[in-house]
Amino acid sequence: MPASRQPLSVAIITLNAAAQLEACLLSARFADEILIVDSGSTDGTLELAARHGARVIQQEWLGFGPQKQCAVDAARHDWVLCLDADERVTPELQASIETTLRSPATSAYRFARCNRFLGRYLRYGEGYPDWSLRLFDRRRARWSDDAVHEKVISDGAVGTLTGDLLHDSAESLASYLAKQNRYTTLAAGMALAAGKKTGFTRIVLSPLIRFIKFYFVRQGFRDGLPGLIHIAIGCFNSFMKYSKMLEHGKSDAALR
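Note that our numbering gives residue 184 to position 184 of the sequence shown, counting from 1, and the numbers run on in steps of one.
Errors might be hidden in some of the hints.
[As the list claims (entries may be wrong)] With a cut-off of at most 25 Å between alpha-carbon atoms, the simulated DMTMM-like pairs for lysine to aspartate or glutamate come out as follows:
#1 197 x 155
#2 151 x 38
#3 196 x 150
In case anyone wonders, no lab produced these hints; they're calculated from the structure. If you're wondering where the values come from, they're calculated on a predicted model, not measured in any experiment.
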């Protein structure tokens, strides 16, 4: 590595990720540090991380945003690349990151994430480019406190890198749907806490507009049946989020 490159920490949060973590760790070997913040794995995740030279700390689950920020705070270097255990840095993205860190033009960078769904890497619709802000200087950016749909908040301009981050989740459709159910419950609670409203128009039109946007405008139809199913689940998630907001509102009214 050129001596002038900014030192880099890769930060990963884990829970029972042994089946997916090794490919992630191998793709991140170019970093100066790999830090794993684990929330109680019992499947060999910690032993796998140790074999690959990662530094591991334990932290009880705080929610997605706070847990990722905990990892950022614990990193040894100010420049941090945040990854999930089922993601892999492509050689093209690695080269772009290393070039950028020799002379950063700004304090935060995004890049495309390519999602694998039902055995196919999606290239259109909602699945791509799925811009993800994951490389940043922690002195000028941080994770939001959101329990779900967390995001990095930067105080400056955001640059764009070339190369893809591969998201290669091996979960079944059943487990994917179960996760989406949990996420929509959390998202509904966050929306209500922020004072947002729901009703007939949002419940009906939001999924419809979402389908038109991602299936037709963003050409999700080009991803075949996996693309159709992925977009349909996203539309149903929108429907369920607003429906759960309505349910919660009626429950609150009944208590008054």
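Check whether the Cα positions of residue 197 and residue 155 lie no farther apart than 25 Å. Distance of about 29 Å is beyond 25 Å: violated.
Taken at face value, is the distance from the CA of residue 38 to the CA of residue 151 at most 25 Å? 20 Å, holds
Holds or violated: residue 196 to residue 150, with C-alpha atoms at most 25 Å apart: The given pair, whose Cα atoms are some 18 Å apart, holds under the 25 Å limit.
The structure is inconsistent with hint 1 alone, although it conforms to all the rest.
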